[in-house]
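Peer 1: Top to bottom, those sequences are chains R and C. Residue numbering for the first sequence follows this note's numbering, starting at 45 and increasing by one per position. Residue numbering for the second sequence follows this note's numbering, starting at 45 and increasing by one per position.
This list has only true hints and no planted wrong ones.
Copies of one chain are not kept apart here, so a pair can be met inside one copy or by any two copies together.
Listed next, the in silico DSS-like pairs over lysine-lysine satisfying Cα-Cα at most 30 Å (straight line): (1) 253 - 209; (2) 277 - 219; (3) 219 - 253; (4) 209 - 219; (5) 363 - 278; (6) 471 - 379; (7) 209 - 334; (8) 253 - 379; (9) 253 - 277; (10) 117 - 169; (11) 379 - 363; (12) 169 - 334; (13) 169 - 363; (14) 334 - 422; (15) 363 - 219; (16) 169 - 422; (17) 363 - 334; (18) 209 - 277; (19) 253 - 278; (20) 209 - 278; (21) 253 - 471; (22) 219 - 278.
By construction, these hints were calculated from the structure, which means they are not laboratory data.
Number of protein chains: 2
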Amino acid sequence: MPSLPNEISLDPLDWDAFRATAHVALDEAIEFLRGVGERPVWQPVPEQTRRLLAEPVPRLGSSLDEVYEEFRKLILPYATGNIHPRFFGWVHGAGLTNGIIAEMLAATMNANCGGRDHGAIYVEKAVISWCKELFEFPSESSGLLVSGTSMANLIGICVARNARKVGNIRNDGLKSYPNSLVAYTSSEAHESVARALEILGMGTSSLRKIPVCADFTMDLEALREAIEADRGKKLEPFCVVGSAGTVNTGAIDPLDELASLCAREGLWFHVDGAFGALGYFTNALRPRLKGLERADSLAFDFHKWAQVQYDAGCILVRKGDVHRAAFSMRPAYLKSMSRGLAAGENWPCDFGPELSRSFRALKVWFAFKELGVQKIAKVIDQNCEQARYLERRISREPSLELLVPVSLNIVCFRFRQTGFDANSLDKLNADIVADIQEAGIAAPSTTRVRDRLAIRVNITNHRARRVDFDALIDAILSRGRECVASASAK
Amino acid sequence: MPSLPNEISLDPLDWDAFRATAHVALDEAIEFLRGVGERPVWQPVPEQTRRLLAEPVPRLGSSLDEVYEEFRKLILPYATGNIHPRFFGWVHGAGLTNGIIAEMLAATMNANCGGRDHGAIYVEKAVISWCKELFEFPSESSGLLVSGTSMANLIGICVARNARKVGNIRNDGLKSYPNSLVAYTSSEAHESVARALEILGMGTSSLRKIPVCADFTMDLEALREAIEADRGKKLEPFCVVGSAGTVNTGAIDPLDELASLCAREGLWFHVDGAFGALGYFTNALRPRLKGLERADSLAFDFHKWAQVQYDAGCILVRKGDVHRAAFSMRPAYLKSMSRGLAAGENWPCDFGPELSRSFRALKVWFAFKELGVQKIAKVIDQNCEQARYLERRISREPSLELLVPVSLNIVCFRFRQTGFDANSLDKLNADIVADIQEAGIAAPSTTRVRDRLAIRVNITNHRARRVDFDALIDAILSRGRECVASASAK
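Just chain R, same shape as in the assembly (with noise of 0.2 Å):
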C-alpha cells in the first residue's frame, strides 16, 4: 500500500542491498562455525575494541553494512568459546547449525511467546510435550521454556512455596505463614537454589545445606536428621532440592530415596538437573537417575548437553495446576476469548513471571527434529567417556593429581609439585589455566574441591574430541613445568 509522503518505515528502502548484505553475513557466519577449531578457543578483548565498543550513543543511524563491518571486526572474533572443541569450561553446550536457521527464522517471526493462539504457542506446547514423555512425567503435568535452570529453580521453588498453604498465599505473603518455611539441599548445589530463596523471600537462612557423602552426593542420614530438628524447632520444611549433576564434579544426588523421603515427609520434590537431567535420555544413565521422574519439579537446560543455542531452559512441574496457580493472573487486557487472536486457554504466561517471551521454543524443535533424542544421547554417551579417557590419561602423569573420580562429565584436577605449599599450588593452577586460556589452547575453567583450587575440565562438547583432551594434558604439563621452573629460578 502506498504511504503518504510524511510516513516512514523502518523497512529497507532497497531490499535487495538488505538481501545481499544478510547473504554475506550468513555466508561468514557459517565459515566462522566451520573453521572455529583452526582459531584461539579465545582471546581477550583487546584495550582499543573495548574503547571503541564503548561509544556513546548513536543519534544517527549507519547504512547496515558499516554496522555488520563494525560488528565484524569489534565483536565476532571475541566469542566466549563455548563453540570450540576445546572449550571445557563451565558448563556450556557447543551450540548447533541448525540454531543459526532457527534463530534466524524465529526473528523473522518475531512472536511474543506470552500467550495468545499463534504457531510459536503450538511449537512450545509440542517440546513441553516431549519433555513430559522423555521425563517420564504426567499428562496431568506442565511445563514452560525458560532462559535457564536460574530461572527454572525459582519458579519450581516459588510453586513450592506457594502449595505449601492451603488459602490465599498470593494474596497474603509469607507473612501469613504459621511457621518459618525451611528447604533443604547439598552443599554441593548450585548457587541458584539459595538465590531463588533469597528472591522469594525466605532468606538464605531458610535453606540448610546438608553435608554431602564421600561421592559428593547428599548424605540422606544428615537430611532427615536436618528436618527432624527443624520440626523440632516449630520451623516448618517443605521443600527439598536435589542435583541431578552437580556443578562441581557432576555428583548425582540419591534422587529414588529423596522422592520416597519427600513423599512420607510431606514435602516438594525438586531437582535441579541443570545438564545431568539429560542423562536420562541415555541408557547408560538413566538407572542412576532413577527418581527423577518422581520429581514434583524439574528444571534442567537444552543450551547445555542439547547443545541448543542460548538460552534454552525449561521447568516441569507434576501438577499443572497447581503450576498455573501460583502464577497465572489476567486482567481484562489480557483475557482470553473464546476465538479469534485471544484464544487458548493456557497461555505461556500462566506459568512463570514472563509476560514477553521469545520463540526460543523453534531452537528447541529444530534440534530435536533434526538430530532425534538418539544422536542427543550419542554425544551425551561420548562425553562421558572422553571424561573416563582423561581421568585415565590423568592417572598416568605423576605431575597430575585426580581430585575426584569421574561420575559423569566433569572432571576436577590439579598440577602437582613437591615442595609446593597449599596457597602456591593454588596460584600455579590458577595460573595454568589462565595462561592456557590467554594462549587460545583450550579453555578449562577452575573451582575449589576440598578448599584445594582445582582445574575443572566440564564436558559438554558435541565438537570435541579425544585429541583435543591430549592437548589440553600436553598444554597444562608444558606450562605447569615452566611455571614451576620460573619460580624456582626466583
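Fit chain C to the known structure of chain R by using the hints.
Peer 2: Coordinates of chain C only, in the frame set by chain R:
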C-alpha cells in the same frame, strides 16, 4: 583435526548442503517479511496443523531440509501477526529486518552472557550505557537486559525490597522486617507489578492500587492518604510504582511529583515504562515524562517502541551498588579471576536472577546503530500522530464512540447501537474484534474501560500507515452493521 572413527559431532557432514539450505531459508524469510502486508494479519492454526505439531518426541532425526519444509508448512504461516502493518493488538513492536541478521549472528557466536570476559559482555555494557545516557541516569547507575518489563519490574521491586532494610536481608528474609512492607501503584498499573510482589513473598495484599483521576493517571492525593493510613497502622511503605504509559490507555502518571513525594517520604521510586519510557527519546513527549530520570529504578522494553525483536527489555537502577548487593553471589565455580576468560568484576549475573543469558544485546546494538535514536523517535512520534488521526476519524463516525481521549498511542473506542443493552454492546464489540482478526483484516485487541468492553488499538508499529487505520475503521463499521442486522433479524 581428524576424529577417531567412533567419535561423532553434530556438525553437518556436508557443509555445502547446510549452507544451501540456510541461504534458501534466509531468502524465503526475507520474502515472507517483505510481502507481509499482502497476507492476512493473522489466521488460526488449523486443527490438522495442530495435530501434526503434537507428534511424539522424535527419537530419530530427519534431514535439515525435511525439518525446514515442515517449519515452512506448519509454523511460518501462523505468526502472531505483530510484523503486519495492521496489527494493533496489545503492545507488540513490529520487529526490524536487521534483527534477522543480528539473531543469526548471535546464534553463531552462541555466547552465554551470564558473565566472564568476552565480546558480548562489552556489547551489553555499551547498550546499558546508552540507556543511562538516554534516560539521564547517573554514571554510578547499573542495568541489565532482561526478557521484558515483567522481569524488569520483578528485579526493580526486589532491589527496592532489599534496599529497605539495613542488615542481612538476603540471609534473614522477610520475617526479619519488623513491619510489613507496603507498595503503591495506580489501579491502571500493569499486572506484573502485583505478580512481582507475590513472587517476592509480600503478597498482593501488600500492594495498594491507588485510584486514578479522570485521565487515568494516579491520584496523588489518594496516594498521600494511603501512605499516611498505612503508617498509622504500623505498616511500612517502601515503594511507589509509577506508570509511564499504562497498558489500557497510555496514561502517564505524574512522574515528577511522584519522584518528589518518594524523595520526601523516603520511598523507592520505580517506574514501569514498558513502552512509554521510550517517549523520552522524542522532543514532543519528553516534557510529559519529566521525573522519569529521577526514578530509583526504571523498567522498559526494546521490543515495543524500539521495534527490536522479541525478547528484549531492560532494568536500570540508579544506585549500582544497591542493585548488585541484591543479587551478586559468587561461589568458587563462578569466581572472577584477575585475567583469562573468568576476568571482569561486574558480571551480568550479579544484577539479576539469571546465570544463563542469551546475547540479546546484539539485536539492540544493531537496532540503535543502524537506525540511530532519531529514527526510533520519529516512529514514536508518527505512531502518536496516527493515534490522533484515528481519534479524529472515530469522532466523525456516529456509529463509533471514543471511550478515552487519546493521550499517547492507544485508542479505546467501540461500536455503538441504540437499543442494545450493556451486555449486548459488549458482546457486539467482542464479536467485531474476533471477526476482523479471523478475517485477517486487522488485529486490534479488547480491554475493559470503566466496565465497558473496548476495542483497543495500540500503535507501536513502524509498518502502519494511515491507510491501515482507514481499513481498520472501514472493517469495524461494516462488520458492526452486519452484526447489528443479523441480531435484529433474529
